[in-house]
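Going down the list, the protein sequences come from chains A and B. As numbered in the numbering used here, residues 1 to 562 make up the first sequence, in order. As numbered in the numbering used here, residues 1 to 562 make up the second sequence, in order.
Please note that the accuracy of each hint is not assured.
Only part of the chain B face toward chain A is listed, based on derived beta-carbon distances under 10 Å [stated by the list, open to error]:
{"id": "1", "residue": "Y105"}
{"id": "2", "residue": "I182"}
{"id": "3", "residue": "L202"}
These are calculated hints, taken from the structure and not from any lab test. Note that beta-carbon positions come from the ideal geometry of N, C-alpha and C, so glycine has one too.
There are 2 protein chains.
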Amino acid sequence: MQGMIMDEPLLLSTLLWRTERLYHDKTIVTRLGHDRYHSYTYAECGQRVRRLANALTTLGVEQGDRVATLAWNHYRHFETYYAVPGMGATLHTVNLRLFEEQQAYTLNHAGSKVLILDVDQLSLAEKLVEIGIPGIESFVIMTDGPLPETTLSPVYHYEELLAAASPAFEFPELDERSAAAICFTSATTGNPKGVVYSHRALVLQSMALNMQNQLGIREQEIWMAISPMFHANAWCVPHAALLAGATLVLPGVHPLEADYIETIRDQRVTGMNAAVTVGSMMRDYLLDGHDDVDTSSLQRMWLGGQAPPRGLMEWWGKNRGVTVFTGYGMTESSPQVCFYSAKSSLSDLDEESVWRRRTSGGLPIPLMRVKIVDEAGEELPWDGNVVGTIMIRSPYTVNGYLDDPRSATAVIDGWFDTGDLGCIDPDGYVTVKDRAKDLIKSGGEWISSIDLENALMTHPHVREATVVSVPHEKWLERPVACVVLNHSTTVTGAELSDFLQERFAKWWIPDAFLFLADVPKTSMGKFNKKLIRELIAEGGLQPVEEWTNTSAKESSAAPIAS
Amino acid sequence: MQGMIMDEPLLLSTLLWRTERLYHDKTIVTRLGHDRYHSYTYAECGQRVRRLANALTTLGVEQGDRVATLAWNHYRHFETYYAVPGMGATLHTVNLRLFEEQQAYTLNHAGSKVLILDVDQLSLAEKLVEIGIPGIESFVIMTDGPLPETTLSPVYHYEELLAAASPAFEFPELDERSAAAICFTSATTGNPKGVVYSHRALVLQSMALNMQNQLGIREQEIWMAISPMFHANAWCVPHAALLAGATLVLPGVHPLEADYIETIRDQRVTGMNAAVTVGSMMRDYLLDGHDDVDTSSLQRMWLGGQAPPRGLMEWWGKNRGVTVFTGYGMTESSPQVCFYSAKSSLSDLDEESVWRRRTSGGLPIPLMRVKIVDEAGEELPWDGNVVGTIMIRSPYTVNGYLDDPRSATAVIDGWFDTGDLGCIDPDGYVTVKDRAKDLIKSGGEWISSIDLENALMTHPHVREATVVSVPHEKWLERPVACVVLNHSTTVTGAELSDFLQERFAKWWIPDAFLFLADVPKTSMGKFNKKLIRELIAEGGLQPVEEWTNTSAKESSAAPIAS
Chain A
1 MQGMIMDEPL
11 LLSTLLWRTE
21 RLYHDKTIVT
31 RLGHDRYHSY
41 TYAECGQRVR
51 RLANALTTLG
61 VEQGDRVATL
71 AWNHYRHFET
81 YYAVPGMGAT
91 LHTVNLRLFE
101 EQQAYTLNHA
111 GSKVLILDVD
121 QLSLAEKLVE
131 IGIPGIESFV
141 IMTDGPLPET
151 TLSPVYHYEE
161 LLAAASPAFE
171 FPELDERSAA
181 AICFTSATTG
191 NPKGVVYSHR
201 ALVLQSMALN
211 MQNQLGIREQ
221 EIWMAISPMF
231 HANAWCVPHA
241 ALLAGATLVL
251 PGVHPLEADY
261 IETIRDQRVT
271 GMNAAVTVGS
281 MMRDYLLDGH
291 DDVDTSSLQR
301 MWLGGQAPPR
311 GLMEWWGKNR
321 GVTVFTGYGM
331 TESSPQVCFY
341 SAKSSLSDLD
351 EESVWRRRTS
361 GGLPIPLMRV
371 KIVDEAGEEL
381 PWDGNVVGTI
391 MIRSPYTVNG
401 YLDDPRSATA
411 VIDGWFDTGD
421 LGCIDPDGYV
431 TVKDRAKDLI
441 KSGGEWISSI
451 DLENALMTHP
461 HVREATVVSV
471 PHEKWLERPV
481 ACVVLNHSTT
491 VTGAELSDFL
501 QERFAKWWIP
511 DAFLFLADVP
521 KTSMGKFNKK
531 LIRELIAEGG
541 LQPVEEWTNT
551 SAKESSAAPI
561 AS
Chain B
1 MQGMIMDEPL
11 LLSTLLWRTE
21 RLYHDKTIVT
31 RLGHDRYHSY
41 TYAECGQRVR
51 RLANALTTLG
61 VEQGDRVATL
71 AWNHYRHFET
81 YYAVPGMGAT
91 LHTVNLRLFE
101 EQQAYTLNHA
111 GSKVLILDVD
121 QLSLAEKLVE
131 IGIPGIESFV
141 IMTDGPLPET
151 TLSPVYHYEE
161 LLAAASPAFE
171 FPELDERSAA
181 AICFTSATTG
191 NPKGVVYSHR
201 ALVLQSMALN
211 MQNQLGIREQ
221 EIWMAISPMF
231 HANAWCVPHA
241 ALLAGATLVL
251 PGVHPLEADY
261 IETIRDQRVT
271 GMNAAVTVGS
281 MMRDYLLDGH
291 DDVDTSSLQR
301 MWLGGQAPPR
311 GLMEWWGKNR
321 GVTVFTGYGM
331 TESSPQVCFY
341 SAKSSLSDLD
351 EESVWRRRTS
361 GGLPIPLMRV
371 KIVDEAGEEL
381 PWDGNVVGTI
391 MIRSPYTVNG
401 YLDDPRSATA
411 VIDGWFDTGD
421 LGCIDPDGYV
431 TVKDRAKDLI
441 KSGGEWISSI
451 DLENALMTHP
461 HVREATVVSV
471 PHEKWLERPV
481 ACVVLNHSTT
491 VTGAELSDFL
501 QERFAKWWIP
511 DAFLFLADVP
521 KTSMGKFNKK
531 LIRELIAEGG
541 LQPVEEWTNT
551 SAKESSAAPI
561 AS
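Extracted from the complex, chain A is given alone in its bound form (with noise of 0.2 Å):
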């Protein structure tokens, strides 16, 4: 027997609908510079979203065609998560922190149709036409100046699009389940894997977000969404934040920590996320000879991409008076997978065990299904002691990556394999406590270290390498190569640093290179990393000769992400 209710569908334009008939008088701030900020109402967001679509629409987007974009967290961006899905066409936000041939590659592989990207966007878009995208068949340049000049062509200027566009645009009723969104995410090894949101899956992760007990943004809030609009749809804030009709904050282009501060004194925020090693930097910032700015009205802090570090959270309580929370989340599950919220039961509890669950990576989200399972697959006890391997599934949560062979792997028996090890307490707090797969997680961006060994091994002076993650206080974890030399061979380790920096982003490039005799193996004769990563830690590793970037400490080439 079925259900006699309306087949409405779960769509991104009907959060709009609702917010600009609500909430039509509620802002949404861009901070443009110092002191200088944009700010307009949902009301005149969605009558740009939809100029937006029409402009699109006359460039030739049509319902299931693919729009990509490279920029920053502005009003600009945030009205093409609106206008594309809208319309029945696809975002592809691309990563401004993957490497320039990555990036081509996601455009090609998105089938993406129309480049829209910032000012400052415009070296790296005309390297990628001569890298190759020649699926791109417009160039939207998002500018409060002139046209620059460029060798991009045919190039048009994202205002004068709109002005000349109507205002009147019928979001059509879609599929649900049709792709809303495509964020790529970095792999173990290869090029980065394509994950399609749904509709339904962003509307869904948009009303659990809102929830009590989860990040629950309130209409009274001033929110600063300071992680990424280019990375796992800035964590759906975005949609949350309109959902819930609050005044919604965007950073801007290239935004520092001071610039954060200051967009917290000056537009009074009461509530923001970033990635832990930006709510880090902010810390920093205040400590180095500016205590003085007044950061009263924030009162919390969604850090997510890593745990955030107890004394980090501790100082901003203590000092701000900001209650820091985190979660876990991963690009593949729209992010998330789970959130912090206090129990009642915790009330009962010694300030020990209340911090563990606070640094834990939370509860399973509303509709999200969490297991461990052994090697075998077999589920294990959610005692909070015994670690196996975090399963995921949710209707949030992907069943494969786009047109990709590595799909296959993705979903075991309906469940997703995160790749990430686990333990769960009896009250359901997972905690992550390693990875299975070979990533470094670096200021909340992925690093592949087995595409880094691969690259070290074709040198041809290099017997064999490893890459492993060191914890690092500012990125939190940073790459460092051990390498075995072939016989009466000679390589300095900046010679390996120049070699890998033709292949991968600066930030990619590892800390240090540590020349061993041997690197440390497992009985399976594969490197043990476990091993190498405890000798880093304890000195216990002797390494032949051992160079350190000193640049890498002060580099701006780290990512700041998600």
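Chain A is fixed; fit chain B onto it per the hints.
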């Protein structure tokens, strides 16, 4: 292009899965009597839910079948809320307030196979068998005592069935559009209409209810669900409470206002939902010599079914520190359409303007689209003045009634016609002004004036009759009949009252009969009910004779329903 997301259905069993794991130690408390409560955990509940699913399977219930209940708000009834939909059958909660013939009609129309009943409903069930409910193959009695003597057959003891059943049951992966529950709602005329809720509708509505700026039940709350579980799924509150992992308090069999107040005191209830009438009776109970009862735990009270009077809201706020809030809903919308929340912009308004919004139906809930239209179906502006028919559209709203020709007029161009007249202000607050349909809402339950009129006009001495709603202190609305007799005939109000009691539930019988020389009519020749109501209010109607049921005011036959 399709999204690449798991096709995980939105099922009630998924909500149960999560709550059993994350909130297994939280409790469901049922009032058994003075100072007596039954309490168990969600984990124990989940086990019994599975036992019940197995027990129903042994009784022959299969996917697609209907299982009916005749029961109050208690833990066993709650178990049926998850066992029956969980196994893929549909739960038909028979409304205890309906007239017996109507109850039998709903059982037959829904095609229910098993009837699970409270022991206090035994004689009613025997009566229904006499009327004829041939589809019911088994009767299951919920009682703490032994199986009573009864003519029902075959009859089973709920607890014995559970004790004999296995606690292992794998919930099937159903289509989320499968029917989870059926409730019947009173019609303008004729038999009640069947509303068939899908799993999808109930899961989405539960998520929406628990969002910020909506009902927003938190895990930390102790929530008492007073609105009956036999009426519109108890406003979806049992599902929302389970989803939140909140402590759920159920008031048990045939509760009275004293019971609610005592339960608040005993269980330290923090929030509750009930019909406006109940909130008013609870106030009267406290004022009537029970001022010393400690209700200090209670923070918020959702009064629904009708707009609560401002005086009542103020009383609870001033005297008991309880925030009273309301919404706008109907059986046909799972049930919420709107919910009140205080927008941040209200802080700029004067007290009267805020109260106008607080006593409105509130703002459309997420995923809900609302419009008002004129008689030609043209959309009217949201100016807070123009009144039109309220039309709604959402994944919570019916697209028709169960096997019912009245489906044809229920939905117009994809919008459900609520039959309510109202206005919407520029901020989106919806205010219901009147009803287009001839229904009277007494104590939260519908009474069909047309059915009463038709019945009255079958009386040999009645020439014309119209039944209108008049304001009532306790039940908010009560029916009053205006009757024109045939020449040279006499009949008393008492006689007409007895005449109607053969056909209708006691609480349907008009409180007064006004014998008129003529009934005011519109230019179209229809009864001018609006004018009649106004004349009654102003004392401008001059009855030839008047008869008032002096026992009506205290009648326990009146409903305490939604």
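Hint-by-hint comparison with the structure:
1. Y105: Given a least distance of 18 Å, the restraint on B:Y105 is violated.
2. I182: 9 Å, holds
3. L202: Constraint on B:L202 satisfied, holds at 9 Å.
Of the numbered hints listed earlier, the single one contradicted by the structure is hint 1.
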